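Quick mapping for you: the protein sequence lines, in order, are chains A and B.
Its first residue numbered 1, the first sequence is counted upward by one per residue in our numbering.
Its first residue numbered 1, the second sequence is counted upward by one per residue in our numbering.
If you're looking for bench data, these hints aren't it; they were derived computationally from the structure.
Remember, it's a predicted structure, so these values are computed and weren't measured experimentally.
The beta carbon of each residue, even a glycine, is placed where N, CA and C say it ideally should be.
Heads up, a few of these hints could be off.
To be verified - Estimated spans, in silico, between C-beta atoms of each pair:
1. B:S57 / A:H432: 53 to 63 Å
2. B:G361 / A:S124: 49 to 59 Å
3. A:A567 / B:S181: 48 to 58 Å
4. A:N183 / B:E586: 31 to 41 Å
Stated by the list, open to error - Below, simulated DSSO-like cross-link-like pairs (lysine-lysine); rule was C-alpha separation at most 27 Å, straight line:
5. B:K306 / B:K513
6. B:K143 / B:K174
7. A:K518 / B:K87
8. A:K423 / B:K87
9. B:K87 / A:K69
10. A:K273 / A:K423
11. B:K578 / A:K190
12. A:K237 / A:K190
13. A:K242 / A:K328
14. A:K269 / A:K242
15. B:K87 / A:K517
16. A:K313 / A:K269
17. A:K237 / A:K368
18. B:K87 / B:K143
19. B:K174 / A:K423
20. A:K503 / B:K143
21. B:K174 / A:K503
22. A:K313 / A:K339
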Amino acid sequence: MPNNHLSNAANTDMRDRVQAQVIRYALELVAEDMAMTLMRTARSTVIKEVQDLSCALFDRHGRVIVQSKHAPMLLAGSTLTMSEALKHMERTPLQPGDVLIANDPFRGGQHIMDVMMISPVFRSEELIGYVGSVAHHSDLGGASPGGVAGGLTEIYAEGLCFPFVRLYIAGEENPDLFAMIENNIRVPHKTLGDIRAQASSCLTGIRRYLEAAERFGLETIERTTDMLIAETEDRLKLGLDKLPDGEFTGEDVVDDDGITDDPIPIRVKIIKKGRDVTVDLAGCADQVPGNINCPLATTLAAVQYGFMIALDKHVTPNQGVFSVVDIKTRKGSIVDPVKPAATAARTNVSLKVQEAILIALGKMMPGKMMAPSHAQISHVAFVGRDPETGRTFSYNDIFGGGSGGRPTQDGRDAQDTHMARFKNTPTEMIEHEYPVRIWSYELLPDSGGAGKYRGALGLARNVEVLTDGVVFSRYGDRQRNPVPGAEGGGVGQPGRFILNPGKDDAPLKSKGVDPLKKGDIVRIETPGGGGYGMAADRDEAALAADLRDGKVTEEFIAAEFGRQKLALVLARLEEPAEAAK
Amino acid sequence: MADNQYRIGIDVGGTFTDVVRLNTDTGELDSAKVPTDYADPVAPMLAGIGLFGAGVSGIGSLRHATTLATNAVIENKLPHGVLLTTKGFRDVLDIGRIQRPEAGIYDFDIDNPQPLINRADRLEVVERMDARGDVVIPVDEDKLRHMLRELNSSDIFGISISLLFSFVNPVHEKQVSEVVSEEMPGVYVSLSSDVSPEIREFERTSTVVLDALLKPVIAPYLETLEQRITAAGVPSVWIMMASGGLTSCALAASRPVNIVNSGPAAGVLASANLGRALGINALITIDMGGTSLDIGVVENGQPVQKFEGQIAGYPLRVPMIDVSAVAAGGGSLALVDEIGFIQVDRESAGSVPGPACYGRGGTRPTITDADLLLNRLGSDLAGRGGFSLDRVPAAAAFEVEICTHLQIDVPSAAAGVLEIIQARMVKAIAGHTLEQGLDIRALPLLVYGGAGPTHGVELAEAMGMNRAIIPYLAGNFSAVGLMLCPVRWDSAAMVMRPAEDMSDAGLAEVLRKLDSEARVRMATTGDEESGLVTHWHAHMRYAGQSYDLAIDLGVPWTARPAENLISALVAEFHTQHKRRYAYRSEEETVEIVQIRVSVRGEEMEFPAPAHVQGDGAAVQTGQRDVYFTGVRENRQASVWQRPSLPGGTEIPGPAVIEGEGSSALIPPGWTATVDRFRNLDVRRD
């Protein structure tokens with residue numbers, strides 16, 4: 001074979017890198033196998049279908065090697081929880097087959113419903129690494145089902161809070177703990193099923209990890225781990241090299257905490273010098289009585305997510321992600337709350353942190369970052385008694401809104417955005433299960449911010465209750481402060497909840513609880529995304545298509561783009577070929 | 001000799017049209033390869049048949065898998081259409097299930113695809129049905145007529161109708177459809193209650209829209225095809241569906257959504273069939289071609305089916321063989337990324353220009369180029385459609401795109417590329433089987449497709465499997481599968497009731513209705529043949545679950561009354577649930593979600609040739625240095641010509657067995673045996 005300019009060092013280096021790629025695929029498969037085991041054997045929809053979970057492999061130092069990528073919001077949790085777990089294990093060393101359970105928001109956790117499990121991987125006597133997973137559980141007791149009711153002001157009401165305790169001891173269930181859990185939750189067979197599924201995914205992970213160590217050799221895997229972490233760091237640092245030095249700020253605001261009406265500012269500052277980056281979140285508001293406080297792990301995830309999408313979309317989310325950016329928070333602030341802050345609805349804050357970071361990053365990379373998005377989750381629940389079965393029903397639904405316009409295209413209407421990933425419930429499933437009628441599920445015309453590229457439209461659903469005595473509880477946000485645009489783009493339209501549209505048209509609070517009677521219709525409108533770029537630069541054909549499709553009205557065009565543009569657009573729609581397209 | 005002892009199978013690919021002929025008397029298979037003609041796809045079919053020498057005499061049927069429907073969707077070449085839907089719900093196609101595709105988690109420019117029908121062309125009908133199928137608001141016909149008259153109908157080619165709860169009560173959809181045919185006679189119409197009578201409005205609407213928009217594309221093609229083929233003297237023409245069954249041209253044209261993604265189905269069906277002939281009930285199949293790796297699973301002797309898939313991001317709810325595709329094939333491009341890592345999962349050279357070694361203008365290195373440079377492929381492969389592979393442009397491509405960046409030599413670069421693509425394929429195959437909850441290591445791997453034989457045994461090796469089977473005519477195995485496929489039509493109905501509320505008589509009534517629905521449909525287009533069997537299964541779940549399991553008792557339905565079906569279904573459901581999801585829960589209510597019926601003709605048994613060619617001793621035709629990924633080095637491999645190998649021949653690795661347009665690699669530590677079907681049965685020593 002030809003061997004013209006063979007350089008031994010280069011070939012060795014290349015072989016190492018190839019090996020690293022091969023091992024990365026193999027370890028990702030281990031994480032995927034863990035996730036699949038969890039999804040396959042769990043019982044609740046949120047794990048099985050919404051895939052609100054993440055699984056990870058750690059080396060013997062507790063560094064993340066690979067993670068399954070299902071839920072970006074849960075990514076950072078693994079490192080922070082692991083560092084807390086390591087502290088715990090220093091005091092109480094783990095044995096083979098032990099599984100730790102933890103969900104304490106003030107010790108590396110997310111919120112109560114996101115439960116982390118960690119298990120050591122031993123090869124005979126030697127500790128060689130850890131496997132772990134975090135997954136959203138549907139019932140951990142607490143003052144209300146699902147743990148999302150507004151009005152709760154202390155963590156104690158939100159459900160069982162596990163410090164680092166052993167769920168499994170030497171491969172066997174810890175019966176005391178299981179009994180304790182079972183006695184404190186509403187739907188024990190389901191939740192315990194999910195808990196066992198998560199534990200068995202850890203056991204699967206251990207087995208597969210050991211097989212990989214056997215196949216590739218532990219030494220090779222450990223060398224590879226360093227390379228993979230360095231690879232992620234390199235990618236991010238190369239991305240940083242393209243950004244200017246300096247201080248860049250981003251700001252967003254949460255409407256209120258549901259207890260008072262005070263706006264809650266979220267302020268971030270990115271300080272960059274060469275490859276040293278600090279993100280300062282000290283300017284964020286103090287923690288609040290309402291349940292929207294955002295635990296540190298979720299805050300870190302929001303910041304890291306922002307850097308990942310800004311710097312390199314091919315990045316492998318491992319320990320390298322966590323070492324590139326130094327994140328500073330203020331204890332007692334809404335992004336690093338202390339006990340007994342309530343945290344169930346943290347997404348309303350974490351998504352604002354993510355937006356503020358993206359706004360700051362946008363200033364560092366003009367023309368490359370999308371405009372701000374709705375950054376809220378409207379979670380609604382209709383609870384009452386089904387007249388036909390006599391049983392209590394609880395129709396829960398979550399809604400996204402409009403994402404921002406993008407540097408090269410409009411926002412995609414009514415889709416989930418950034419870190420928040422979820423699925424809706426089909427209208428036919430809702431009506432099949434609950435005594436309600438859905439009269440519409442549609443895009444909200446004119447709700448996206450104007451611009452060269454339009455912000456995505458928010459959406460609306462009209463829900464009629466078909467029985468008396470229904471309680472409508474919800475938390476939404478972005479109903480007072482619209483989504484800003486970027487690079488000169490217009491703001492998105494705020495969301496709102498309305499009682500009996502077209503008749504009473506009574507506005508309802510974004511976070512609250514109200515009784516409904518038979519025949520009442522609640523209209524849920526979610527906010528639209530911010531526009532990107534100057535409205536004057538919008539392509540006329542795109543505007544004409546929007547008008548033809550009823551995504552914007554003539555009034556909107558006249559107001560945002562001017563009468564002259566409207567006349568041109570209307571003329572364009574007159575042309576038969578254009579109208580037909 | 002029977003009048004119609006030949007069956008012809010035709011698989012039209014991007015580069016070649018594969019034509020395979022089976023002599024049903026002798027079990028002999030012949031194959032021919034003709035360049036595909038996009039302008040006139042039928043001409044190469046006739047030309048291919050002509051190559052067998054006997055003309056059309058003796059041909060009983062022609063079976064055809066077309067990618068026309070799949071490509072029309074992927075390439076966005078669908079005509080203009082209209083959707084009629086319930087007032088308040090025209091945005092269902094935009095909103096979808098809200099969730100962005102997984103590829104878009106860290107890339108905000110990646111979206112679900114835009115709806116196939118513009119918002120302005122989604123028209124709302126004033127009407128409403130409730131969840132029980134009771135009318136809340138009747139259809140406002142006047143308004144509907146008025147709306148239809150406003151349309152410029154000369155410009156509309158397909159109308160889809162999808163109303164809420166039409167799967168419970170289709171009368172509103174039928175009423176709307178009648179108005180449409182009065183107002184716009186001759187336009188293609190599809191009803192969601194007909195195409196996909198299933199709960200979940202987004203997926204159902206997406207399916208019916210695809211169906212209506214494909215009709216104007218598919219119907220004329222199938223009409224021409226049938227006309228020309230029958231005019232040439234072939235008595236019957238059958239079309240492959242994604243379900244693994246065949247249907248007539250007329251029925252396929254009336255439900256074109258059924259033929260989307262039908263390409264990989266015949267191969268998996270043939271694999272299951274071959275597996276049964278070999279006494280294997282569970283196996284994994286991989287079809288590795290130029291651009292993609294298609295992975296299938298066979299369990300209980302049958303291809304695993306699924307009932308929801310997608311095409312180009314659009315959900316599709318029809319019965320289909322469960323095949324998952326990853327972008328990994330002979331044409332996958334290798335590149336060095338920003339930070340000096342080799343990547344193979346970002347782009348493909350496709351069929352144009354193809355790998356650099358094809359000498360058709362490709363200048364970037366592909367997997368096929370790596371195989372050639374490492375002697376895993378011979379440069380002069382007979383049956384590759386008349387062109388040989390050229391090492392010079394292949395080496396140049398590696399030199400420029402990989403070697404200069406990394407300061408390494410060509411063989412090392414090629415070996416690295418192969419290792420990485422292999423790891424990627426292992427992850428994809430293992431990932432797909434994990435979803436099924438299977439332990440892959442206990443199963444054999446059946447490998448086919450042009451590039452399959454070169455990579456398949458090493459993949460089995462890397463996954464810890466102990467057996468790989470490379471079928472005869474591996475490069476045309478999908479076309480071989482077409483010979484075996486049965487005639488088939490499916491029907492389905494939602495039930496959505498606790499099993500305990502349902503009687504055996506009630507179930508029998510549902511089955512009788514679905515059975516007659518399918519048979520009537522088959523009869524009107526001449527699909528009916530003797531020996532039809534009614535298979536059926538129930539989708540079941542524990543109340544409150546959002547997913548279900550297909551429970552098949554394995555007993556065909558007959559008009560004779562059967563007892564204890566419901567209790568048998570419930571018992572089997574608990575068992576299957578435990579097997580698949582690791583728990584059973586006797587105390588929970590079991591629901592029957594849906595009943596499906598599949599009326600099928602007979603599936604032909606895998607043809608065993610009466611005598612395996614060349615009864616003399618096998619002759620080694622050469623030897624060469626070949627790179628094997630398992631040992632990560634070159635080994636001196638023996639070279640053999642596959643067509644001349646007699647049955648029973650044993651060839652120990654390292655070896656290369658060439659022929660039929662591909663090159664089978666037998667790594668060191670494995671031995672290939674030619675079995676009575678002329679397969680290479682390759683086992684770990």
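Status of each hint after checking the structure:
For S57 (chain B) and H432 (chain A), the Cβ-Cβ distance of about 58 Å falls inside the hinted range of 53 to 63 Å, so the restraint holds. Checked against the hint of 49 to 59 Å, the pair G361 (chain B) and S124 (chain A) passes, with Cβ atoms roughly 57 Å apart. In this structure the supplied range 48 to 58 Å is violated for A567 (chain A) paired with S181 (chain B), their Cβ-Cβ distance being about 40 Å. For N183 (chain A) and E586 (chain B), the Cβ-Cβ distance of about 23 Å falls outside the hinted range of 31 to 41 Å, so the restraint is violated.
A threshold of 27 Å between alpha carbons decides the hint, and for K306 (chain B) with K513 (chain B) the separation of about 23 Å falls inside it, so the pair holds. A threshold of 27 Å between alpha carbons decides the hint, and for K143 (chain B) with K174 (chain B) the separation of about 16 Å falls inside it, so the pair holds. Restraint check for K518 (chain A) and K87 (chain B): satisfied, since their Cα atoms lie roughly 22 Å apart, inside the 27 Å limit. A hinted pair counts as satisfied when its Cα atoms are at most 27 Å apart, and K423 (chain A) with K87 (chain B) qualifies at roughly 23 Å.
Straight-line distance between C-alpha atoms of K87 (chain B) and K69 (chain A) comes to about 38 Å, which puts the hinted pair past the 27 Å bound. Pair hint K273 (chain A) plus K423 (chain A) does not hold up; C-alpha atoms about 40 Å apart against a cutoff of 27 Å. About 15 Å separates the Cα atoms of K578 (chain B) and K190 (chain A), which keeps this hinted pair within 27 Å; it holds. The straight-line distance between the Cα atoms of K237 (chain A) and K190 (chain A) is roughly 45 Å, outside the 27 Å bound, and the hint therefore fails.
The suggested pairing of K242 (chain A) with K328 (chain A) holds, with an alpha-carbon distance near 23 Å, which does not exceed 27 Å. The straight-line distance between the Cα atoms of K269 (chain A) and K242 (chain A) is roughly 18 Å, inside the 27 Å bound, and the hint therefore holds. Proximity of K87 (chain B) to K517 (chain A) is assessed by CA-CA distance (about 24 Å); at most 27 Å being required, the pair is judged to hold. This hinted pair checks out: K313 (chain A) and K269 (chain A) have alpha carbons roughly 23 Å apart, not beyond 27 Å.
With a C-alpha separation of about 17 Å, the suggested pairing of K237 (chain A) with K368 (chain A) holds against the 27 Å cut-off. At roughly 12 Å between alpha-carbon atoms, K87 (chain B) and K143 (chain B) fall within 27 Å of each other, so this suggested pair holds. The suggested pairing of K174 (chain B) with K423 (chain A) is violated, with an alpha-carbon distance near 31 Å, which exceeds 27 Å. Using a Cα cut-off of 27 Å, the hinted pair K503 (chain A) and K143 (chain B) holds, with the two alpha carbons roughly 25 Å apart.
With a C-alpha separation of about 34 Å, the suggested pairing of K174 (chain B) with K503 (chain A) is violated against the 27 Å cut-off. Distance check on the hinted pair: K313 (chain A) and K339 (chain A) sit about 36 Å apart at the alpha-carbon level, beyond 27 Å; violated.
In the structure shown, a violation is registered for the earlier hints numbered 3, 4, 9, 10, 12, 19, 21, 22, in ascending order.
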